[in-house]
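Participant: Take the given structure of chain A and dock chain B to it, following the hints.
Spelled out, the chains give:
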Amino acid sequence: MADVTLRQDAAVAARPGRRPARDISRLREQWTAIALSAPALFLMALLLIGPVAAVLVMSFTDYQLGASAIAFIGLENYRDLFSDRVFWTSLGNTLRYVAIVVPASVALGLGVALLIESGDSLKRFYRAVFFIPVMATLIAMAISWEYMLHPQFGLINLLLKKVGLAPHAWLTDPALALPTLAVIGIWQLFGFNMVLFLAGLVSIPRHLYDAAELDGVRSAWSRFWLVTWPMLGPVTMFVVIISAIRSFQVFDTVQVLTKGGPNKASEVLLYTMYSEGFEFFRSGRAAAIAVVFLAFVLTLTVIKARLIEKRVHYL
Amino acid sequence: MAQVAVRKIRKSFDRTDVLRGVDLDIAHGEFISLVGPSGCGKSTLLRVIAGLETQTDGDVLIGEQNVNGVRASRRDLAMVFQSYALYPHLSVFDNIAVPLRMRRLNAWQRLPVAGRLVPGVRRIDREIGAEVERVAALLGLADLLGRKPGQLSGGQRQRVAVGRAIVRHPKAFLLDEPLSNLDAKLRVHMRAEIAQLHRRLGATFIYVTHDQAEAMTMSDRIAVMMAGNIVQVGTPDEIYSHPRDIRVAEFIGSPKINILPGRVEAEGRVVVLGLPLDQRVDAAPGTAVRVGIRPEAVRPTSGSEPAWKGSVGYVENLGSEVFVHVEVGGVDEPVLVRLEPSEARAIAVGSPLALLPRPSAASFFDDRGHSLPVRPLAYRQAAHG
Chain A
3 MADVTLRQDA
13 AVAARPGRRP
23 ARDISRLREQ
33 WTAIALSAPA
43 LFLMALLLIG
53 PVAAVLVMSF
63 TDYQLGASAI
73 AFIGLENYRD
83 LFSDRVFWTS
93 LGNTLRYVAI
103 VVPASVALGL
113 GVALLIESGD
123 SLKRFYRAVF
133 FIPVMATLIA
143 MAISWEYMLH
153 PQFGLINLLL
163 KKVGLAPHAW
173 LTDPALALPT
183 LAVIGIWQLF
193 GFNMVLFLAG
203 LVSIPRHLYD
213 AAELDGVRSA
223 WSRFWLVTWP
233 MLGPVTMFVV
243 IISAIRSFQV
253 FDTVQVLTKG
263 GPNKASEVLL
273 YTMYSEGFEF
283 FRSGRAAAIA
293 VVFLAFVLTL
303 TVIKARLIEK
313 RVHYL
Chain B
62 MAQVAVRKIR
72 KSFDRTDVLR
82 GVDLDIAHGE
92 FISLVGPSGC
102 GKSTLLRVIA
112 GLETQTDGDV
122 LIGEQNVNGV
132 RASRRDLAMV
142 FQSYALYPHL
152 SVFDNIAVPL
162 RMRRLNAWQR
172 LPVAGRLVPG
182 VRRIDREIGA
192 EVERVAALLG
202 LADLLGRKPG
212 QLSGGQRQRV
222 AVGRAIVRHP
232 KAFLLDEPLS
242 NLDAKLRVHM
252 RAEIAQLHRR
262 LGATFIYVTH
272 DQAEAMTMSD
282 RIAVMMAGNI
292 VQVGTPDEIY
302 SHPRDIRVAE
312 FIGSPKINIL
322 PGRVEAEGRV
332 VVLGLPLDQR
342 VDAAPGTAVR
352 VGIRPEAVRP
362 TSGSEPAWKG
372 SVGYVENLGS
382 EVFVHVEVGG
392 VDEPVLVRLE
402 PSEARAIAVG
412 SPLALLPRPS
422 AASFFDDRGH
432 SLPVRPLAYR
442 QAAHG
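Just so you know, the protein sequences line up as chains A and B, in that order.
Quick note on the working numbering: the first sequence kicks off at 3 and runs consecutively.
Quick note on the working numbering: the second sequence kicks off at 62 and runs consecutively.
So that you can see chain A by itself, here it is in the shape it has in the complex (with noise of 0.2 Å):
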């Protein structure tokens, strides 16, 4: 914006005077800028904010997958959605879930990260080994852990009966299937967060840890109080915002390993939507199910830009 005023004001010192040659080079400016941003707001429109208005409407109706009728029906998804038990289950198991795997995909990523960043060496090995689960195909490392979690021949079993460990059904016993899935997601997520912190531990100046040296800090126990935590707060904040979208997000593993079950045990948000619009065929109630997700990851977006911008931010 800045730009077009100094550049408008260059055009007007340029030819004083000449009134209507300046207005038409306002306009032409005015319309250059449109043309310039027209492609990226059209493709937003059209793949964002297109979208997420459909859903809204959508789940104000009463469509069905394929069917030729239409009708609005106001609240009445929701209504429904609100007074339906699996509905209120899915919702407490997303959210279970993103309180198990959020808190330990942090602390994960950050031990992981300061255990990297103090070794001298196989940084770059560490790192990579660390990252696959982030690369990997969610669907494919979904499918491996069925074969390591299968209750009679799978490796993790096997393992436990060696030393002496009852054996679990891991995927089928109602108590544990969620914390199962939450372990898969952990691993999958904490990759990915140890890299976010490994970029922030690189970005502490050294003089910092000269200072706090000095300063009579001996152990790095205190050296990570006084230092690292509080230097890495707007990482951790951003980490922390990220895991949760993405935990909320929980549908792969559900999808390849328990279908919700047993008996509804690992039911989540996005997996319910999904039975719903495309097993059960009602997209209305499917929508509103996505408004409900929207809203959640919503209200993490706006929290993550207003502290992140308000209170994590020293210098």
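One thing to keep in mind: the hints can contain errors.
[To be verified] Pulled from the structure, derived: some chain B residues nowhere near chain A, Cβ distances all over 12 Å: (1) 73; (2) 114; (3) 137; (4) 214; (5) 253; (6) 271; (7) 316; (8) 376; (9) 382.
[Said to hold, decoys possible] Which stretches of chain A does chain B cover? Using the computed rule of at least three CB atoms under 8 Å from a CB of chain B, they are: (10) 140 to 146; (11) 206 to 213; (12) 280 to 292.
Just so you know, the hints here were simulated from the structure itself, not pulled from any lab data.
Please read these numbers as outputs of a predicted model, since none were measured by experiment.
The beta carbon of each residue, even a glycine, is placed where N, CA and C say it ideally should be.
Facilitator: Chain B only, in chain A's frame:
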């Protein structure tokens, strides 16, 4: 407070030798400056003394105790960093309190809320608070204690960094170019403040700077470093008037010293651009020497005696003094003359000017840049004898 000494300190990073066997003794209560061009190793030497870098070879002694294996946090030194290195998330008060809290409270007692429940912690906290406030008052920071470093100006941050260093009573203060991030006016002001602080505390100060003016104005002694070695240690006056190496002569003094080609003749007499000087050196006749003469030691002359003849190339008037650049045959760079404004009034660019050195003012260097011993002699005798 204590004396500090380094013995044969060597430091290499990979294959680069940054320090090549440095020896230095710093007396108790002394203000010593390590000065030299960037990359000469002065900051590395300071970090080795602090314990932030481990020397490749050699010993560091603090108060006659060898501290080679002692980590920085146990050497009981305080340091002021070039970037100040304040903790950005802590207030001015907390920044200054950190060194006291770290030493007087253990990890449990430092816990934000639970720590205060430990018996005795409140009392220690009160003592720390009182000491922080005393230091803040001393440095004029009393009104800023609640602010974060990000809300302070450069000079204020610098004061906080100094406050954090002096709040406890360390054995010595290490200052790593503490003024280089300040603007010129503030730098001159802080120069005086730091010198005053040194007098008040009576503590050992080791001050690293690339600015020779800072070194000259503040120090008891200056150690000039070049390429990983200390070339000369002495009082500012010694360093200025009797540089032991041509690099020292060229580095110290602004504007730069004039270096003129000379030749030793019979009895050690030195002839520079056809003019015999009044000093004699211990060198064989025929030896080529380089002669250093400070700009204030060159005078214009109107007499008929032998002199360097040149023409005025450029006149810099700084108000309180005037630098005249005189093109003299036989030297590439113009000879610089520092004059009082009253003396320079008649001098115009392009006009001829004859120059004479003041008696006994020159320094002599051999082809390796080492200074040659001088035997003074009356100027008249040298000129006519």
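Participant: Decide, hint by hint, whether the structure agrees.
Facilitator: Hint by hint, here is what the structure shows:
Even its closest Cβ contact with chain A, about 18 Å, leaves residue 73 of chain B beyond 12 Å, as expected for a residue assigned away from the interface. The claim that residue 114 of chain B lies off the interface is violated: its Cβ sits roughly 10 Å from the closest Cβ of chain A, which falls inside the 12 Å cut-off. Not every CB of chain A lies more than 12 Å from the CB of residue 137 of chain B, the least distance being 9 Å, so the non-interface label is violated. With a minimum CB-CB distance of about 14 Å to chain A, residue 214 of chain B clears the 12 Å threshold, and the non-interface call stands.
The claim that residue 253 of chain B lies off the interface holds: its Cβ sits roughly 25 Å from the closest Cβ of chain A, which is beyond the 12 Å cut-off. Every CB of chain A is more than 12 Å from the CB of residue 271 of chain B (nearest about 18 Å), matching its label as outside the interface. Every C-beta of chain A lies more than 12 Å from that of residue 316 of chain B, the closest at about 34 Å, which supports listing it as non-interface. With 12 Å as the threshold on Cβ separation, the claim that residue 376 of chain B sits away from chain A holds: the shortest Cβ distance comes to roughly 40 Å.
At roughly 39 Å, the least C-beta separation between residue 382 of chain B and chain A is larger than 12 Å, which holds for a residue marked as non-interface. Counting residues of the stretch 140 to 146 of chain A whose C-beta lies closer than 8 Å to any C-beta of chain B gives 0; at least three are required, and the coverage claim is violated. For the stretch 206 to 213 of chain A, the assignment as covered by chain B holds, since 5 residues bring a beta-carbon within under 8 Å of that chain's beta-carbons and 3 suffice. For the stretch 280 to 292 of chain A, the proposed coverage by chain B is not satisfied: 0 residues have a C-beta within less than 8 Å of a C-beta in that chain, short of the threshold of three.
When the structure is compared with the earlier hints, violations turn up for hints 2, 3, 10, 12 and for no others.
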